[in-house]
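Visitor: Going line by line, the protein sequences match chains A, B, C and D.
Note that numbering that gives the first Met the number 0 has the first sequence beginning at 0, numbered continuously upward.
Note that numbering that gives the first Met the number 0 has the second sequence beginning at 0, numbered continuously upward.
Note that numbering that gives the first Met the number 0 has the third sequence beginning at 0, numbered continuously upward.
Note that numbering that gives the first Met the number 0 has the fourth sequence beginning at 0, numbered continuously upward.
The set of hints was computed from the structure by calculation and includes no laboratory data.
As the structure is a prediction and not an experimental result, all values here were calculated from the model.
Honestly, I wouldn't trust all of these hints.
[What the hints assert, rightly or not] Within a straight-line C-alpha distance of at most 20 Å, the following computed SDA-like cross-link-like pairs (lysine to any residue) qualify:
hint : chain 1 : residue 1 : chain 2 : residue 2
1    : A       : 259       : A       : 305
2    : A       : 66        : D       : 116
3    : A       : 66        : B       : 293
4    : C       : 229       : C       : 240
5    : A       : 396       : A       : 317
6    : A       : 396       : D       : 122
7    : C       : 123       : B       : 339
8    : C       : 137       : B       : 339
9    : D       : 116       : A       : 69
[Said to hold, decoys possible] Just a sample of chain D residues kept apart from chain A, beta carbon distances all over 10 Å, derived:
hint : residue
10   : 12
11   : 58
12   : 121
13   : 135
14   : 136
15   : 138
16   : 150
17   : 157
18   : 168
19   : 187
20   : 245
21   : 278
[As the list claims (entries may be wrong)] Computed footprint of chain B on chain D; a stretch qualifies when at least three of its residues, placed anywhere within it, have a C-beta under 8 Å from a C-beta of chain B:
hint : stretch
22   : 75-85
23   : 90-96
24   : 104-114
25   : 232-244
26   : 263-271
The beta carbon of each residue, even a glycine, is placed where N, CA and C say it ideally should be.
Residue-level listing of the chains:
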Amino acid sequence: MALDTKAIGLLILGLIIGAAIGYGATAFTGGGQATTQEEEQKTVTYKIGFSLPLSGQLSSIGKLWEKVAYMAVDDLNKMMESYHLPYRFEAVVLDDGTTEEKALQNVQTFAQQGIKVVIGPAASSQVKAVKSFADSNHIVIISPSSTAPTLAIPNDYIFRNTGSDALQAKALAALVNHEGIKKVVVFYRDDEYGTAFADFFKREFEALGGQAVLLSYASNLADFASEVASLSSKVQSEGAEAVVLISFDTDGANILSHAKDDPVLSQIRWFSGEGIHGASELLQPSLAEWLDSIDFMGTRPVFISNPLYEEFKKKFEELTGTDPPVFSEKLYDAVFLAGWAIVRAGTYDGEAIKNALPEVAKHFYGASGWCILDENGDRAFQDYSIWTIKQVDGEYKYVDIGTYSGGSLTFTENP
Amino acid sequence: MESIIGFLISWLPIFAIYGILSISLNLEIGYTGMANFGKVAFYAIGAYLSAALTISVMLSLVGKNVPLYSIEAVQALSTEGTGALYTHPAALVGLFVLSLVLAFLVAGAVGYLITYPTLRVGPAFLGITVLAFGEMFRVFMRNYEPLGSTKGLFGLNNPFVWLGNSLLSQGLFALVALGLLLAVYVYAERFVNSPLGRTLRAIKDDEVAALCLGKHVPRVKATVFFIASGMAGVAGVLWTFYQGSVQPDTFVPILTFYVWAMVILGGMGNNLGALLGAAVFTLVDRALTFAAGMMGPSLIIPPNYLRWMIVGLVIVLVLMFRPEGIKPARPIKTPAWEAVKEEVGKDG
Amino acid sequence: MADPILEVKDVAKYFGGVKALDGVTLSVPRGGMIGLIGPNGSGKTTLFNVITGFYVPTRGEVWFEGERIDGLNPNEVYLKGIVRTFQIPRLFPSLTVLENVLLTPPNQIGERPLYAPIRSKWEKQERELARKAVRLLKRFGLGDYIHASVSELSAAHIKLLETIRGLMTDAKLYLLDEPAAGVAYDMAKEMFSFVRRLRDEEGLTFFIIEHRLEVLMEFVDYVYVLHNGKLLAEGKPDEVVQNKAVIEAYLGG
Amino acid sequence: MVGVSEILNTVQMGLAYMVIALPLTLSYRVTQVINFVHIIFITLGAYTVALLGLVGLTNVWIAMGAAFLLGGALAVLDNVAVFEPLWRRGSDVLIIMVASLGLWIFYKYLIYAVLDKLFIVLRTNTLSVLVHTEGFPSVSLGGITIDGYLIDTVVASVIVSLALYLILMRTRIGKAIRAIADNQVLAEISGIPRGRVLNFMWFLSGGIAAVGGVLWALFQTTVTPEIGDQIILQVFSIAVIGGLYSLTKTAIGAFIVSGTENIVIAVLHDAFGLPLSFRPFLVFLVLLVVILIWPPLGAGGGLPYRFRVRHRSRR
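Just chain A, same shape as in the assembly (with noise of 0.2 Å):
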């Protein structure tokens, strides 16, 4: 017994002189913080903070996300090595289970490390919860993904490398209505994300003379069977010509795979957004049969016929095996922009940071294409391209078949 409690109390006391050590050691190190050395060859090195959804909800994303951010680092620091420049940096990669608290945890815990520079965390609920923190520390926080519209908010320390889903629920609709589709019915997921983007959506397309009726599911469910049955019973019911679905990967293919079966909802057009663009389950052959078969169609934010892009991709590709997931050369980006930022601002001092990455970002171009910010920190231009599912030499693949720009629609290729 009396073992027993000094066995815990040990371990207690080693985790404890554990923290202690991190702190001592941070603080040997400075937290990137070392002095700026006169000498040439002494190069500075700047820590990173990435919180992204390692586990829980957004999991399947954010384990593709992590390679990414290694590369990016990677690429970056190679840049830096070739521009003779003494700035290296560091990748630090924290799991935040995608929920707020852990995020919070994880900015939080950045800060103690002196971390000035967080890219994450990946949902707009996570960005809120570690808003009031962010700003009062002066912490940077760069998320690749979150599009909540609530958040444009000015003179934060707030930015988003992503267009607001305004924009692209505009190229959606000029999308839909160019299709000769009149009457849709959107599905989309119940969380800010989705509302937003179907609400954005149903303005727009009514500006164009279609009808939109909406239908949301929740979220966070393991399965949509009895989502898309109602669907198909509410297409049915306003004689819909096709379905607009709003979605995330894991559930979006959930959602197509039950709708391939459904003797209403398999007939007619689908269309979608940029959420599960990427998603390797659309690409087995029986479910790619069938979307290809419907002609399905999505938009998604990317610079057009951008090079920079196709050469993220290919790296991609040979690191990994698979398709960049959603956002992914958003995320790329961001790095590069905390990185440049931190070097403009010559401190790794979070209020200098937060003034230069607007000015570095004007300037910035990148995979994901040009990447000024509006006076919100949020990415100001964004153009789309139109994505469809296609056999190439025999195997099913993301093929992106035109551009949406200023507001005109393109087709490169015959869908």
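For chain A, the structure is supplied; the task is to place chains B, C and D on it using the hints.
Guide: Structure of chains B, C and D alone, referenced to chain A:
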């Protein structure tokens, strides 16, 4: 040094929140034997109540009539220097205190009402009923537009943000949180070391026998549930002001079970144990997060996953080697002891 | 019977189709020591459960000291002054012997939720009760076990403790469910003589279920016999043991 | 409008739920422990079929067999390493519950870690896998297509429940399991080798739960490491509707929940425009109603206390 202060001001409120939650759960399970699997519901009630109250009152103070979750609301509240949080310090602190009181009363009242229908079913199903209630509350909040539905409510900050200096305001908040935890702990200690505490233990042992000894068991249980749920509501208020936002999906059932782990690790039926359990759990979690950040990607097991595996293993190992928890249950201490000594001594 | 403290009038209790009690009428005189016997499943414990408020009778009434008490809850019945013990003793294992005794007085100030954390409000009462409890425990030979846990007690001591707990209150009627079960013959006799002493010294009333007739019959002054939920016989102990119907029920059952 | 697809979904979902919930009820009834590792059994089963499909072993029956063995082995391991030692020490069931919570966290992230490594080996995103397996072919009946996976599910669940019934009712070890469920101490006194019987029981429940995981994967088609976590509340609700005691009631509960999730929500949506996102809300509403109106353990679980006391007058 600075990072240690930074660690303390970010950890102490979390410790206080979980400390209060585990003391309140300990009152229910450790002393009274009520297995509550829905603690998170009352935590959520406190959090939502304080956020909705504070944001709406602050907005009306600056004469803004906009939805609570809108960008305009966030800007009106929290723009540094000019937002309502900065220009109305007295109101902010007042609302914080009012939230604490109201959250205690409202969450407590809900808890009180919930126990009554479940008594019919027997103790085994009390927990499940509350769990179901909590999930229903969460799903409802996800769909309730006036309180932000899935957008949640945000734009708040800690109640001392108007001080300007973030270290000072957060430090002060950490101290207040710690003070609240201390108050809850002292209250719980005095609450159980009394004839009522004796009755609670008796109800835990055998509620039917307690009923036969004239104890109004349903009322006692409902009272304990009132107090414990009210405490959880107070923890919810702390959470709102700590994080500055409220999101419906924070309040998932697993949070309740983390609190369970804290109580059982610390030792059931011992308030100090519950406190220690919360401290160990949150500290282990933070220390491992910190370590994971230092380790880098080179390990065979990715450090982010390893960190969680260690958390799981720590729970299992502590229970294997010390099933009664870090601090075993303590006897009820009332002045009866001293009286007995006098009485026994009299005979010589 | 003069001055009945407890009257059971035509009480019936059905569980679905099973008639556990079927029209039982009996009364217990103040200061009496009354036995209740009957074969297994004859409804003895059900009758106790009806009296103490566990069950609401399907039919009939229970009166205690001029008040109707059937349909009251067990705790309310206790507060009226009826204490019961159980066939299998139900003490509280996580409380000490002293605490088990201290638990019983009703309406303690320190049990009110608002007053419980404020020690000064109830300290005086608690001390008085503790002194009373110690005196009681010493008087019945449990003085050495004041701080012992219940699990350290012998079976006989547990039975004893369960019975004397009620003395902390001003309970008037004791319902004892097989006080001598599982206790050696000598101890059982001691137990009963102790009960009789209580009756004589404190003026309490006892209503006792007991299987061990050889002990019971020596001590009680009146016996009721239940069989299949009905009153089969009643009378002085020596009359009852002569009763043919009773013998048949016991042998046949 | 309730169509054919709602009914087919109810059947397939209900059967999968049933196969997952039956062992939960069984193990709870025998040990009184709420076992969090049950989540892992489901995930393990789902990943077995998904990963076997990835490497080209696409027979669904092989996958079920493998899942059964893996799930059973894991359950026995837990019992031998953690549950049994704790029980021997006289630990409270709540303590064992929290120990299983710890095990669940450990296993969950172990699965993440293993998948992370498999990612590199298989060069595909293992954190989200589409099930690719073959069982019965799809059948067309009068214009209604019945999915092959549905037929697999029906066959498998019939086999599993029949086998469970036969084992529990007709074999000696089944009787021993029931004896332990009724009274642990008495069973041990009467010479039943508790340890061995419990190991068998755990093997059975872990294995069946993993088979349930396979069936669920066939239904959901996309497998992620969160698959077990996502449905555990529903499964738990089902077991509670079964009173955590009766296997028959658990099976009925599976169809009550599945019917609520498919048919009731569709009807309410059509009739009153209730958002589909209220689906989990309805499940818990049903659970509450069942608990309160039809108490699973009857009055035996409750206090002998009545809130409506008949008014009594003084004489």
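Visitor: Work down the list of hints and note, for each, if the structure agrees.
Guide: To see whether the hints hold, each was checked on the structure:
1. A:259 with A:305: violated (33 Å)
2. A:66 with D:116: holds (13 Å)
3. A:66 with B:293: holds (18 Å)
4. C:229 with C:240: holds (18 Å)
5. A:396 with A:317: holds (16 Å)
6. A:396 with D:122: holds (16 Å)
7. C:123 with B:339: Roughly 13 Å separates the two Cα atoms, so the pair holds.
8. C:137 with B:339: Since the Cα atoms of residue 137 of chain C and residue 339 of chain B sit roughly 11 Å apart, the hinted pair holds (cutoff 20 Å).
9. D:116 with A:69: OK: residue 116 of chain D and residue 69 of chain A at ~16 Å, within 20 Å.
10. 12: violated (7 Å)
11. 58: With a cut-off of 10 Å, residue 58 of chain D remains clear of chain A, as the shortest Cβ separation is near 17 Å.
12. 121: violated (8 Å)
13. 135: Its Cβ never comes within 10 Å of chain A, the nearest being 15 Å, so this holds.
14. 136: holds (13 Å)
15. 138: holds (13 Å)
16. 150: holds (13 Å)
17. 157: holds (21 Å)
18. 168: holds (33 Å)
19. 187: Per Cβ check, residue 187 of chain D is outside 10 Å of chain A; nearest 26 Å; holds.
20. 245: Residue 245 of chain D is indeed farther than 10 Å from all Cβ atoms of chain A, at 26 Å.
21. 278: Violated, since 5 Å does not exceed 10 Å.
22. 75-85: holds (count 3)
23. 90-96: Since 5 is at least three, the answer is holds.
24. 104-114: Satisfied; 8 residues make the cut.
25. 232-244: holds (count 5)
26. 263-271: violated (count 0)
Hint compliance for this structure: hints 1, 10, 12, 21 and 26 are broken, all remaining hints hold.
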